[in-house]
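Once you have looked at the hints, place chain Z on chain F.
These protein sequence lines are chains F and Z, in that order. For the first sequence, the working numbering gives the first residue as 23, with consecutive numbering after it. For the second sequence, the working numbering gives the first residue as 14, with consecutive numbering after it.
It should be emphasised that the hints constitute simulated quantities derived from the structure, not laboratory data. Warning: the hint list may mix true and false statements.
Claimed, not checked - For lysine-lysine, the following PhoX-like pairs were computed, each having C-alpha atoms within a straight-line distance of at most 25 Å:
| no. | chain 1 | residue 1 | chain 2 | residue 2 |
| --- | --- | --- | --- | --- |
| 1 | Z | 177 | Z | 284 |
| 2 | Z | 185 | Z | 269 |
| 3 | F | 205 | Z | 282 |
| 4 | F | 205 | Z | 177 |
| 5 | Z | 241 | Z | 218 |
| 6 | Z | 241 | Z | 43 |
To be verified - Simulated restraints on C-beta separations:
| no. | chain 1 | residue 1 | chain 2 | residue 2 | range |
| --- | --- | --- | --- | --- | --- |
| 7 | Z | 286 | F | 183 | 28 to 34 Å |
| 8 | F | 185 | Z | 332 | 40 to 46 Å |
| 9 | F | 52 | Z | 40 | 56 to 62 Å |
No residue lacks a Cβ here, since even glycine has one placed at the ideal position from N, Cα and C.
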Amino acid sequence: MTSTAQAGLTPPPTRDERIRRKSTLARLFARPEMGALTGAIVIYLFFFIIAPSFRNGGSLSTVLYVSSTYGLLATPIALLMIGGEFDLSAGVAVTSSALTASLFCYEFTLNVWVGVAVALVVSLAVGFLNGWIVVRTGIPSFLVTLGTFFMLQGLNLALTQTITNQVASPDISNIAGFGSAAKIFASSFTIDGVNIRTTVIYWIVFVLLATWILLRTHIGNWIFSVGGSAPSARAVGVPVTRMKIGLFMAVGLMAWFTGMHTLFEFNTIQSGQGVGLEFVYIIAAVVGGCLLTGGYGSAVGAAIGAFIFGMTNQGIVLAGWDPDWFTFFLGALLLGAILLNTFIRRRAEAAK
Amino acid sequence: MFRSRKPAVGAALIAILALTLAACSSTGGKKASAQASAVSAGHANTPRYTFAMITHAAPGDTFWDIIRHGATAAAAKDNITFKYSNNDDPTQQATLIQDAINAKVDGIAVTDPDPQAICPTVKKAAAAGIPVVMFNAGVNNWQQCGAMEYFGQDETVAGLAAGKRLAAAGAKQVLCVLQAQGQVQLEARCAGVKQGLGSEGAMQKLYVNGTDSSAVQSTITAKLTQDKSIDAVITLGAPIALIAIQSISSASSHAKLYTFDTNAEEISKIKSGQVQWAVDQQPYLQGYEAIDSLWLYLTNGDAIGGGQTVLTGPAFIDSSNVTKVAKYAERGTR
Numbered sequence: 023m024t025s026t027a028q029a030g031l032t033p034p035p036t037r038d039e040r041i042r043r044k045s046t047l048a049r050l051f052a053r054p055e056m057g058a059l060t061g062a063i064v065i066y067l068f069f070f071i072i073a074p075s076f077r078n079g080g081s082l083s084t085v086l087y088v089s090s091t092y093g094l095l096a097t098p099i100a101l102l103m104i105g106g107e108f109d110l111s112a113g114v115a116v117t118s119s120a121l122t123a124s125l126f127c128y129e130f131t132l133n134v135w136v137g138v139a140v141a142l143v144v145s146l147a148v149g150f151l152n153g154w155i156v157v158r159t160g161i162p163s164f165l166v167t168l169g170t171f172f173m174l175q176g177l178n179l180a181l182t183q184t185i186t187n188q189v190a191s192p193d194i195s196n197i198a199g200f201g202s203a204a205k206i207f208a209s210s211f212t213i214d215g216v217n218i219r220t221t222v223i224y225w226i227v228f229v230l231l232a233t234w235i236l237l238r239t240h241i242g243n244w245i246f247s248v249g250g251s252a253p254s255a256r257a258v259g260v261p262v263t264r265m266k267i268g269l270f271m272a273v274g275l276m277a278w279f280t281g282m283h284t285l286f287e288f289n290t291i292q293s294g295q296g297v298g299l300e301f302v303y304i305i306a307a308v309v310g311g312c313l314l315t316g317g318y319g320s321a322v323g324a325a326i327g328a329f330i331f332g333m334t335n336q337g338i339v340l341a342g343w344d345p346d347w348f349t350f351f352l353g354a355l356l357l358g359a360i361l362l363n364t365f366i367r368r369r370a371e372a373a374k
Numbered sequence: 014m015f016r017s018r019k020p021a022v023g024a025a026l027i028a029i030l031a032l033t034l035a036a037c038s039s040t041g042g043k044k045a046s047a048q049a050s051a052v053s054a055g056h057a058n059t060p061r062y063t064f065a066m067i068t069h070a071a072p073g074d075t076f077w078d079i080i081r082h083g084a085t086a087a088a089a090k091d092n093i094t095f096k097y098s099n100n101d102d103p104t105q106q107a108t109l110i111q112d113a114i115n116a117k118v119d120g121i122a123v124t125d126p127d128p129q130a131i132c133p134t135v136k137k138a139a140a141a142g143i144p145v146v147m148f149n150a151g152v153n154n155w156q157q158c159g160a161m162e163y164f165g166q167d168e169t170v171a172g173l174a175a176g177k178r179l180a181a182a183g184a185k186q187v188l189c190v191l192q193a194q195g196q197v198q199l200e201a202r203c204a205g206v207k208q209g210l211g212s213e214g215a216m217q218k219l220y221v222n223g224t225d226s227s228a229v230q231s232t233i234t235a236k237l238t239q240d241k242s243i244d245a246v247i248t249l250g251a252p253i254a255l256i257a258i259q260s261i262s263s264a265s266s267h268a269k270l271y272t273f274d275t276n277a278e279e280i281s282k283i284k285s286g287q288v289q290w291a292v293d294q295q296p297y298l299q300g301y302e303a304i305d306s307l308w309l310y311l312t313n314g315d316a317i318g319g320g321q322t323v324l325t326g327p328a329f330i331d332s333s334n335v336t337k338v339a340k341y342a343e344r345g346t347r
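Just chain F, same shape as in the assembly (with noise of 0.2 Å):
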């Protein structure tokens, strides 16, 4: 190895293909998340020409504060199906958090922030119960998540109706740290006579942390080995049954996040809210470059893929279509979204 004496004997140097080095270009395209901000890039400068009001700083703050709902979410789903594991219960259990915040703290007349920690270990252990129920039984985690699914959305309905008579949780904000934490979940502030909510920052935030621990730390490999092939990951040492419940668990954390944003927002919560919201992250992440089967993806093309849904969504109203359309304007542009992304894809791969 050291020596290179017998430099004559080898063959002229045509270095290996797998370290090759390319482009910079080409490995840039090479990301998973350069399909969707071409995607997302387009679709801007789409409705930025179209649609007047699109311009002004205050609908662009509208539009990522849309997003960032999304956004929040779409990161630790982004983790798991990378981690390969469905979670269709995340929209429905924002919801849930938001309820047993408001409810328990409204029923015990409790200062609002025992109602968040107590929200907050709700949240955790159903993550913990659906990543534990997926490592335990082998069943796939898209069903176990369905079923997870509808029995989050009836103790919904079925406990608000029993405690409070009611469908919607009571208005707690006159309630002790309402205030505070009103504060901290649902604010906002104001740049340059752009109100930006606080939302959009703590979602930039998670996706950088989300990255970081994808890019440079030993979980993130993990995560990626354990959605490649969980069994090889296991032979080769990861802590596969850790990793799934972890990544469940994040779920729930943003859930809690997201549910406590939505409780401190609106003061009560109706019960049967979240329902398709799961729908929304899964399209976020996918449309960002993560890969059904698991094993590829990245937090960031998860951003923009909530970018371009919540654009998209606030584009069409902004340039006034007819509102018989929205949904059809709606598909079409995801399916255009798509296509260049995976037209660009295809580009880069074939450009290796």
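Coordinates of chain Z only, in the frame set by chain F:
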């Protein structure tokens, strides 16, 4: 795999307990709210009947709480075993009606959001000799379906009344916010508003995703940003109105807010002036009358309305009468 951390867990539990005890709120919460006394009108000594109520309520909609409270109050008074079920999918709702027929209940109260799907099953119930009353939805078809009575408001008439009142208030550009796509009664309300406005003003529709509060807020904000000429927003449900308050302020819009239907929190917003008025169809009355009329029919052969629609709305709740309504709303009966 998980190491035991029992001492730590114990310490954490004690800490949580201590915090909980120290964290009682001095304001708000259940302690502060007056315990609502349920409406009671005595108890009938008639035979115990079983009535089924089957509605198209979406899970978790506050409006239907009030209908149910009315129905349970009547059931308690009339010595009724009350069975409630609901499904917002019309074919599923028809199946629930069939279930009630199979269970040989003594009476059925039903809503009819989709006559094509619901009517045939309602006819079967009538053919099986079970008295059927209809309420809340189905105002145009209840007689053909074989129902004996109808309690509710005509949504087009309600929309018309709201539109006329909006025109009188000087609204020129009205935004009608629908929380679901393709629902006949919601479309009828907006159409009625447009008709009521007449040449005084214009109406445009906006669909929002009613199951996602953040999206509702952002979509209305976007619309108000896009069209600065909107000077009136009318929502078709109380929870949506509460969210629209935030949208109007974050879009810095000058639009005034009006709504259909009520709940306790919304009524407090009428009091504070953030909502101008609400079109009230008296859901408590609908639920109460539906059950009570079945009982009257079985015990005395009565039919309320004499074959005509019994209208429970539209009434308006505004600053002039809100104080009176508010105390009933707090206990969940208005």
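Against the structure, the hints come out as follows:
no.	hint	result
1	Z:177 <-> Z:284	holds, 22 Å
2	Z:185 <-> Z:269	holds, 11 Å
3	F:205 <-> Z:282	holds, 23 Å
4	F:205 <-> Z:177	violated, 42 Å
5	Z:241 <-> Z:218	holds, 15 Å
6	Z:241 <-> Z:43	violated, 42 Å
7	Z:286 <-> F:183: 28 to 34 Å	holds, 32 Å
8	F:185 <-> Z:332: 40 to 46 Å	violated, 33 Å
9	F:52 <-> Z:40: 56 to 62 Å	holds, 57 Å
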